[in-house]
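Residue numbers (my numbering), protein chains in the order written: chain A, 10 to 373; chain B, 17 to 290; chain C, 28 to 315.
Source of the hints: derived by calculation from the structure; they are not laboratory data.
Incorrect hints may appear among the rest.
Said to hold, decoys possible - No more than 27 angstroms apart at the CA atoms, straight line, and that leaves these computed lysine-lysine pairs for BS3-like:
no.	chain 1	residue 1	chain 2	residue 2
1	B	Lys146	C	Lys281
2	A	Lys110	A	Lys139
3	A	Lys116	A	Lys139
4	A	Lys204	A	Lys336
5	A	Lys70	A	Lys116
6	A	Lys284	A	Lys254
7	B	Lys197	A	Lys110
8	B	Lys197	A	Lys116
9	A	Lys70	A	Lys23
10	C	Lys277	B	Lys146
11	A	Lys256	A	Lys284
12	B	Lys197	A	Lys139
13	C	Lys212	C	Lys126
14	A	Lys284	A	Lys336
What the hints assert, rightly or not - Non-contacting residues of chain B with respect to chain C, defined by C-beta distances greater than 12 angstroms in every case (computed):
no.	residue
15	Thr68
16	Phe72
17	Ala74
18	Lys77
19	Cys169
20	Glu179
21	Pro205
22	Asn252
Predicted model only: the values in this text are computed from it and were never measured.
Where is the CB? At the ideal position from N, CA and C, for every residue including glycine.
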Amino acid sequence: MASVTLQNLRKRFKNQEVLRGIDLQIRDGEFLVLVGPSGCGKSTLLRMIAGLDSTSEGCIKIGERNVSHVTPAQREIAMVFQSYALYPHMTVWDNMAFGLKMAGIPKEEQVLRIQQAVDILQLHPYIHRKPAELSGGQRQRVAIGRAIVRQPEVFLFDEPLSNLDAKLRDQMRVQLMELHQRLGTTMIYVTHDQKEAMTMADRIVVMRQGVIEQMGTPLELYERPANRFVAGFIGSPTMNFVPVKMKHQNNGESVVTLPWSQDIRLGTWSASVNKDERLELGIRPQGVLLDDSSPYRMQVDVTEPLGNMVYVHGRINGVRLVVETQKAPNPGSQVGIHLNDAMCHLFDGEGQCLRQAMEHIHAA
Amino acid sequence: MIRHIKPLAFYMGLVLVLLFFLLPILWMIGTAFTPSGEYISNSLSLLPEHPTMEHFRALWKDGFPERLANTIVVAVGATFLALVFGFLASYALVRFDFPRYLDHSFLLLVLMIKMMPPIVVAIPLFQLLKGIGMLDSSLGLILVYQVYTLPFCIWMLLSFVREVPLSLEEAACLDGTNLPKRLLYIVLPLCAPGLAATFIFTLIMAWNEFLFALLYLSTPSHFTLPLYVSNFITENETYWGQLMGIGLLSSLPMLFMAGYVQRYLLRGFTMQMK
Amino acid sequence: MLFRSRLQLISLMLPATLLLAVLTLYPISQILINAFSYVDYAGAERQFVGLDNFAELIDDWFFIGAVENTLVFSVMASFVQVGLGLLLAVLFDREFPVKRFALPIVIYPMMLSTLVCSAIWRAWYHYDFGFLNNALVSLGLSPVEWLFDPSLALFSVMLVDVWQWTPMSFLIILAGLQSVPADIKDAALTDGASGWRRFRYITLPLVMPQILLALLLRSIDTFKLFDKVYALTGGGPGNSTSTLSLFIYKQGFKFFNLGLASAGALMMLLIACLLSAVYAWRYVGAKS
Numbered sequence: 010m011a012s013v014t015l016q017n018l019r020k021r022f023k024n025q026e027v028l029r030g031i032d033l034q035i036r037d038g039e040f041l042v043l044v045g046p047s048g049c050g051k052s053t054l055l056r057m058i059a060g061l062d063s064t065s066e067g068c069i070k071i072g073e074r075n076v077s078h079v080t081p082a083q084r085e086i087a088m089v090f091q092s093y094a095l096y097p098h099m100t101v102w103d104n105m106a107f108g109l110k111m112a113g114i115p116k117e118e119q120v121l122r123i124q125q126a127v128d129i130l131q132l133h134p135y136i137h138r139k140p141a142e143l144s145g146g147q148r149q150r151v152a153i154g155r156a157i158v159r160q161p162e163v164f165l166f167d168e169p170l171s172n173l174d175a176k177l178r179d180q181m182r183v184q185l186m187e188l189h190q191r192l193g194t195t196m197i198y199v200t201h202d203q204k205e206a207m208t209m210a211d212r213i214v215v216m217r218q219g220v221i222e223q224m225g226t227p228l229e230l231y232e233r234p235a236n237r238f239v240a241g242f243i244g245s246p247t248m249n250f251v252p253v254k255m256k257h258q259n260n261g262e263s264v265v266t267l268p269w270s271q272d273i274r275l276g277t278w279s280a281s282v283n284k285d286e287r288l289e290l291g292i293r294p295q296g297v298l299l300d301d302s303s304p305y306r307m308q309v310d311v312t313e314p315l316g317n318m319v320y321v322h323g324r325i326n327g328v329r330l331v332v333e334t335q336k337a338p339n340p341g342s343q344v345g346i347h348l349n350d351a352m353c354h355l356f357d358g359e360g361q362c363l364r365q366a367m368e369h370i371h372a373a
Numbered sequence: 017m018i019r020h021i022k023p024l025a026f027y028m029g030l031v032l033v034l035l036f037f038l039l040p041i042l043w044m045i046g047t048a049f050t051p052s053g054e055y056i057s058n059s060l061s062l063l064p065e066h067p068t069m070e071h072f073r074a075l076w077k078d079g080f081p082e083r084l085a086n087t088i089v090v091a092v093g094a095t096f097l098a099l100v101f102g103f104l105a106s107y108a109l110v111r112f113d114f115p116r117y118l119d120h121s122f123l124l125l126v127l128m129i130k131m132m133p134p135i136v137v138a139i140p141l142f143q144l145l146k147g148i149g150m151l152d153s154s155l156g157l158i159l160v161y162q163v164y165t166l167p168f169c170i171w172m173l174l175s176f177v178r179e180v181p182l183s184l185e186e187a188a189c190l191d192g193t194n195l196p197k198r199l200l201y202i203v204l205p206l207c208a209p210g211l212a213a214t215f216i217f218t219l220i221m222a223w224n225e226f227l228f229a230l231l232y233l234s235t236p237s238h239f240t241l242p243l244y245v246s247n248f249i250t251e252n253e254t255y256w257g258q259l260m261g262i263g264l265l266s267s268l269p270m271l272f273m274a275g276y277v278q279r280y281l282l283r284g285f286t287m288q289m290k
Numbered sequence: 028m029l030f031r032s033r034l035q036l037i038s039l040m041l042p043a044t045l046l047l048a049v050l051t052l053y054p055i056s057q058i059l060i061n062a063f064s065y066v067d068y069a070g071a072e073r074q075f076v077g078l079d080n081f082a083e084l085i086d087d088w089f090f091i092g093a094v095e096n097t098l099v100f101s102v103m104a105s106f107v108q109v110g111l112g113l114l115l116a117v118l119f120d121r122e123f124p125v126k127r128f129a130l131p132i133v134i135y136p137m138m139l140s141t142l143v144c145s146a147i148w149r150a151w152y153h154y155d156f157g158f159l160n161n162a163l164v165s166l167g168l169s170p171v172e173w174l175f176d177p178s179l180a181l182f183s184v185m186l187v188d189v190w191q192w193t194p195m196s197f198l199i200i201l202a203g204l205q206s207v208p209a210d211i212k213d214a215a216l217t218d219g220a221s222g223w224r225r226f227r228y229i230t231l232p233l234v235m236p237q238i239l240l241a242l243l244l245r246s247i248d249t250f251k252l253f254d255k256v257y258a259l260t261g262g263g264p265g266n267s268t269s270t271l272s273l274f275i276y277k278q279g280f281k282f283f284n285l286g287l288a289s290a291g292a293l294m295m296l297l298i299a300c301l302l303s304a305v306y307a308w309r310y311v312g313a314k315s
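Extracted from the complex, chain A is given alone in its bound form (with noise of 0.2 angstroms):
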């Protein structure tokens, strides 16, 4: 077990910057997901590491040791892939021992550690098998009991799940936080699901553009996030974002006007803003309330019953907002709206965070 350390780490390919100054620390034994829209360099980010894509610049640390310029397979690192990349001319068995003969372990030895890994992964009755006799969720436990046969210091996991079916991603995602809690070794997850994120990860860290945008624990990520760009990828459905005017900021009191003429008072915060700056107020489902009694009217769209809840997808002066609410209005309908100004983020025109919500109600 190990941690790993990326210092000003940077991509080029021909003259486009991929990953523009990654500075890194993961923790031993931590599940660290890594999380962005396409193109954002995760996954550029993860075969770095695994020593698939050589590094521009910057250094990469397993532990102590600086293997930014050493062979993939001397980096004790086991990567699953997306695509599994399980060798199809081999059945389950010799896939798990092909990496363990290449590295010259004793064949008692060898044994003993699939033996263990078929355990784990209950995969006793496939172990004949080939690749392509098996289901999409079989193989993606074959692959990762080729990562675990060669008890690395770090294990690398590139959207494993995606291949998947939805009811199939919920299982595999709770195994594979049983495994890190069984193994407790050092896992760099890289997803685009967010909610895979939220919900496996010790700490998330957020990329875009080849930089990263924020770092934190799930809560941390969703609870403050730094910019406007953190704010709608994490949580789901997303975020509200209404364009908003400054009113007035005297001491102790700031206040917005929304497009629909209403102010909204929002306390302090240390940026200073002019008066009339357009800002945008960012509000989760869970903050906007239906409220009879408020002139304030929505125009109800469509509804989404979850059972235990409905979002209730609707406009008000062209703007789209999502609620979160006990019992669904008929489409068509109009419906007053009340926003829970403790529960309203805000931010500038860069979307930097201006001020955090107070008070927090967490999706189930």
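Fit chains B and C to the known structure of chain A by using the hints.
Just chains B and C now, kept in the frame of chain A:
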């Protein structure tokens, strides 16, 4: 009505086509067993009245086994050389992020060599072989056959190597293989069907090659089978029985091989288009 | 980092590249030199003569005839083979009882050495005792001089090539037909297309790449035609079946006229380059 006529027309067409391809072959087989005296006839029968093995016996004594051995050495040798070199080259072409123009110009070179009539280079190659003392030898023939076989192998194998997912090689790389081991344990087994199809086609090509054999072999005992055939066509007489005997014997190994890898043959052609 | 360096991959290409360079670039450079020289074969001496060899070629009735024959043969033979191959492939693209045995029969001619093919057909073309004339006579028709009638001989040679190599076109096109997904055929059926129309508007466009490939491969091969002519007619009667390959062979290896042979080879190479440029433009251009 039409429903009944259609299959009938289908089967009649099929029979006609099959006859066109089959009759000459039947004649070849028949003649190989026809006694010399029976050649000249006006009958339409394709089969001999008094079958005989005399031609095969004559061939056996005349040195057919030796020519067969020459052919096997030359054809298999040329095929293996082309497969090994072609496999390595097509792997590099697929995996290496060459500048586009280099990639294209190599493929263009391959295509041009494929287009190039062998007679064009026959004279300088004659002098080349003479210069390195490989004229009239199996080894020399194996070498010059690469003019046909190597571009063909590269061309065929490219599409098969392209099918090997990069992530498999990356996985193997993490598993601690270097390039030679990866080629041997991962890429080669995955290309096996393609290699088999390519092997057959190349072998047929080299097995039946005539022009270079004619030009570069001079000692009768070094002859390959296609050249050996011409022994039986002389100014005075054509030994039809022996000729057809050789035809039958030398085509059988190819036919069996082709039958064995039939399903790969079709696949090979489909793949080429990608 | 899959590869230690570019050098590693370049070294993989090296054997094939070197071998091809030695086997083609060296000979082609020799031809370039010889084509503009008078070469004394015995004395191994060379003298620069400019375009003399080419002037001689263009005046040479035998050369012009060979060019004509080669082009006529190449175009006609490849079109006939691809057409016949397409027909066969359509026949074979369905299940019928003896298919397992029919396929090997159809592709057998491809496995035969060209010389054996030629020998079979030489016997069949024999004026007095050949199978073809025997058949004609028994039908009450008059026999034909298959190989000795100057207006017919080239087509007789072509028939042999059609017999031997149609299977190749057939295999390529059949592969294409079998890779047409069944649901496309079903969709065509539900659209009400049937028989000829289905073939014309669905099947044919889908196997067009294979048809073009077959045409490409066959036109390359027929352009090089040598051994059938060598074995069947030797270029005769007169000059009626002589091809470019045969012309160069005779000049180079029979008359030892290296200058003229090289000039002819150079011209042939130029035609081949022209053709491959057209194909490359179609193929490489379409892919990038």
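Keeping to a limit of 27 angstroms between CA atoms, is the pair of B:Lys197 and A:Lys139 held or broken?
-> holds (21 angstroms)
Proposed proximity, C:Lys126 with C:Lys212 (alpha carbon, max 27 angstroms) = Holds - the C-alpha atoms of C:Lys126 and C:Lys212 are around 21 angstroms apart, at most 27 angstroms.
Straight-line Cα separation of B:Lys197 and A:Lys110 no greater than 27 angstroms?
-> Given that 27 angstroms is the threshold and the Cα spacing comes to 12 angstroms, the pair holds.
Are the Cα positions of A:Lys256 and A:Lys284 separated by 27 angstroms at most?
-> Measuring from Cα to Cα gives roughly 6 angstroms; hence the hint holds.
Under the criterion that the straight-line Cα-Cα distance not exceed 27 angstroms, is the pair B:Lys197, A:Lys116 satisfied?
-> holds (19 angstroms)
Below or equal to 27 angstroms on CA atoms is what counts here, so check A:Lys284 against A:Lys336.
-> Violated, at about 39 angstroms.
Would you check the hint for A:Lys204 and A:Lys336, treating anything up to 27 angstroms between C-alpha atoms as holding?
-> At roughly 25 angstroms apart (the allowed maximum being 27 angstroms), A:Lys336 and A:Lys204 satisfy the hint.
Holds or violated: are the alpha carbons of A:Lys110 and A:Lys139 at most 27 angstroms from each other?
-> Roughly 18 angstroms between the alpha carbons, so the hint for A:Lys110 and A:Lys139 holds.
Distance restraint between A:Lys284 and A:Lys254, which requires alpha-carbon spacing of 27 angstroms or less = holds (8 angstroms)
Pair hint A:Lys116 and A:Lys139, alpha-carbon separation not exceeding 27 angstroms | Cα-Cα ~21 angstroms, so holds.
A:Lys70 paired with A:Lys23 [C-alpha distance capped at 27 angstroms] | holds (25 angstroms)
Interface-negative label, B:Asn252 against chain C, beta-carbon threshold 12 angstroms = holds (15 angstroms)
In summary, the numbered hints that this structure violates are 5, 14, 19.
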